[in-house]
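Colleague: Residue numbers (this note's numbering), protein chains in the order written: chain A, 279 to 459; chain B, 279 to 459.
Among these hints, one or two may not hold up.
It does not matter which identical chain is used: a pair holds within one copy or between any two.
To be verified - Straight line, CA to CA, 25 Å or less: simulated SDA-like cross-link-like pairs of lysine to any residue: (1) 456 to 438; (2) 368 to 317; (3) 457 to 322; (4) 456 to 407; (5) 456 to 373; (6) 368 to 340; (7) 456 to 304; (8) 368 to 336; (9) 368 to 335; (10) 456 to 290; (11) 368 to 334; (12) 368 to 449; (13) 325 to 314; (14) 368 to 338; (15) 368 to 378; (16) 368 to 442; (17) 368 to 341; (18) 456 to 437; (19) 325 to 429.
Since the hints were derived computationally from the structure, they do not count as laboratory data.
The primary structure of each chain is shown beneath.
Protein chains: 2
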Amino acid sequence: MTAMNPPPTLLNPLLDLGFSRVVDVPRALVWRAWTEPALLMPWFCPKPWSVVDAEIDLRPGGVFRTTMQSPEGQQFPNSGCFLEIVPGQKLVWTNALLPGFRPIAIAALPTADSSTVDFKFTASIELADAAISGSSQLGTRYTATVVHADAAGCQQHAAMGFEQGWGIALDQLVAMLKKGL
Amino acid sequence: MTAMNPPPTLLNPLLDLGFSRVVDVPRALVWRAWTEPALLMPWFCPKPWSVVDAEIDLRPGGVFRTTMQSPEGQQFPNSGCFLEIVPGQKLVWTNALLPGFRPIAIAALPTADSSTVDFKFTASIELADAAISGSSQLGTRYTATVVHADAAGCQQHAAMGFEQGWGIALDQLVAMLKKGL
Chain A
279 MTAMNPPPTL LNPLLDLGFS RVVDVPRALV WRAWTEPALL MPWFCPKPWS
329 VVDAEIDLRP GGVFRTTMQS PEGQQFPNSG CFLEIVPGQK LVWTNALLPG
379 FRPIAIAALP TADSSTVDFK FTASIELADA AISGSSQLGT RYTATVVHAD
429 AAGCQQHAAM GFEQGWGIAL DQLVAMLKKG L
Chain B
279 MTAMNPPPTL LNPLLDLGFS RVVDVPRALV WRAWTEPALL MPWFCPKPWS
329 VVDAEIDLRP GGVFRTTMQS PEGQQFPNSG CFLEIVPGQK LVWTNALLPG
379 FRPIAIAALP TADSSTVDFK FTASIELADA AISGSSQLGT RYTATVVHAD
429 AAGCQQHAAM GFEQGWGIAL DQLVAMLKKG L
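The whole structure should be built from the sequences, with the hints applied where relevant.
Modeller: In structure tokens form, the structure reads like this:
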């Protein structure tokens, strides 16, 4: 895993998490890996966890749903909706709104079970062309930013291993693309 | 106030509120009255309440902030962000996300004070050209839909007088436009 730098768009260090890396796979393929269920499922969750189901309706208010499965076979559904889509460049979604922009019920308060994601966040993936030294092909600057409602949610996300987890997932994405689709 | 019909896009009668009316003012002016602070403030709140401040950043994730003032002079700020903007046709915003799509803190639980809006909703205003009988000028079909997280929030909003309140505000909007900008 290469070194990560904090993204330039990080808004508030007490509330936000993020990283930025250059990867030597084309931007158009990274976009497909994020937006096509069959190409998202293989890499989205650090192994030995897996994604066993995914639904993507790529429009503002459209569903973004994944079901993660633990090595023991327990399943954890996550549902949210897309907020902003700039094809090939920017993808924003949240778990604070359900499909159709419906706010989630406030009853979803944090629990002691750290294996479920019970804090609310909005995540942004930004992609840009990037030169790769020693290569004539362009790679991708990959910037992930996650904004939280409060410091507690941000700290919980960090303690769950946000940066390592999303970094490993990105490594899995790159490995998948390098094998060829 | 003319009769209202439920909008066709009403998603769930237990969770959603809405109405649809035809008003004899042009769609382009209704759009301006919703998206320019100086044109929004005069009508947005049923009198004798008023809007004493408004901020509109008309892009996905941009701020939509108003400060309402009671007849006694008490001020109630409301802050949210825009989700979807189709100029002249559709405006969607929520109070479940702050500017930059940041989820609101869960600490904002409902209180006993019914004068504050503490439930979360996403509101959609849809505008379409509509024929006006006896007039050669087109009017506007105005459809408002508000989706809530749960039945309690929907009922609280209904009990606060959603339909009457938004209807009176629309009357005030139409009256302002008929006087000329």
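Colleague: Each hint should be assessed against the structure and marked as holding or not.
Modeller: Verification of the hints:
For the identical chains of this complex, residue 456 and residue 438 are neighbours neither inside a copy (28 Å) nor across copies (57 Å), given an alpha-carbon limit of 25 Å. Taking the shortest Cα distances, residue 368 and residue 317 sit within 25 Å of each other inside one copy (17 Å), while across copies they are farther apart (33 Å). Taking the closest pair of Cα atoms, residue 457 and residue 322 come within 25 Å of each other only inside a single copy of the chain (16 Å); across copies the shortest separation is 57 Å, beyond that limit. Taking the closest pair of Cα atoms, residue 456 and residue 407 come within 25 Å of each other only inside a single copy of the chain (17 Å); across copies the shortest separation is 52 Å, beyond that limit.
In this homomeric assembly, residue 456 and residue 373 never come within 25 Å of each other (Cα to Cα): the closest approach is 30 Å inside a single copy and 42 Å across copies. In the homo-oligomer, the alpha carbons of residue 368 and residue 340 lie at most 25 Å apart both inside one protomer (15 Å) and across protomers (16 Å), since each shortest distance falls under that limit. In this homomeric assembly, residue 456 and residue 304 come within 25 Å of each other (Cα to Cα) only inside a single copy, at 10 Å, whereas the closest approach across copies is 55 Å. For the homomeric pair residue 368 and residue 336, the shortest alpha-carbon distances inside one copy (12 Å) and between copies (18 Å) are both at most 25 Å.
For a Cα distance limit of 25 Å, the shortest separation of residue 368 from residue 335 qualifies both inside one copy, at 15 Å, and across copies, at 20 Å. In this assembly of identical chains, residue 456 and residue 290 lie within 25 Å of each other by CA distance neither inside one copy nor across copies; the values are 35 Å within and 45 Å between. Taking CA atoms no more than 25 Å apart as the test, residue 368 paired with residue 334 passes in both settings, with 15 Å inside one copy and 23 Å between copies. Taking CA atoms no more than 25 Å apart as the test, residue 368 paired with residue 449 passes inside one copy only; the shortest distance there is 19 Å, against 40 Å between copies.
Within a single copy, residue 325 and residue 314 get their C-alpha atoms as close as 19 Å, which meets the 25 Å cut-off; across copies the closest is 50 Å, which misses it. Taking CA atoms no more than 25 Å apart as the test, residue 368 paired with residue 338 passes in both settings, with 12 Å inside one copy and 13 Å between copies. In this assembly of identical chains, the alpha carbons of residue 368 and residue 378 lie at most 25 Å apart whether taken from the same copy (20 Å) or from different copies (14 Å). In this assembly of identical chains, the alpha carbons of residue 368 and residue 442 lie at most 25 Å apart only when taken from the same copy (22 Å versus 40 Å across copies).
In this homomeric assembly, residue 368 and residue 341 come within 25 Å of each other (Cα to Cα) both inside a single copy, at 17 Å, and across copies, at 20 Å. Within a single copy, residue 456 and residue 437 get their C-alpha atoms no closer than 31 Å, and across copies no closer than 58 Å, so neither meets the 25 Å cut-off. Neither within a single protomer nor between protomers do residue 325 and residue 429 lie at most 25 Å apart by alpha-carbon distance, with minima of 28 Å and 39 Å respectively.
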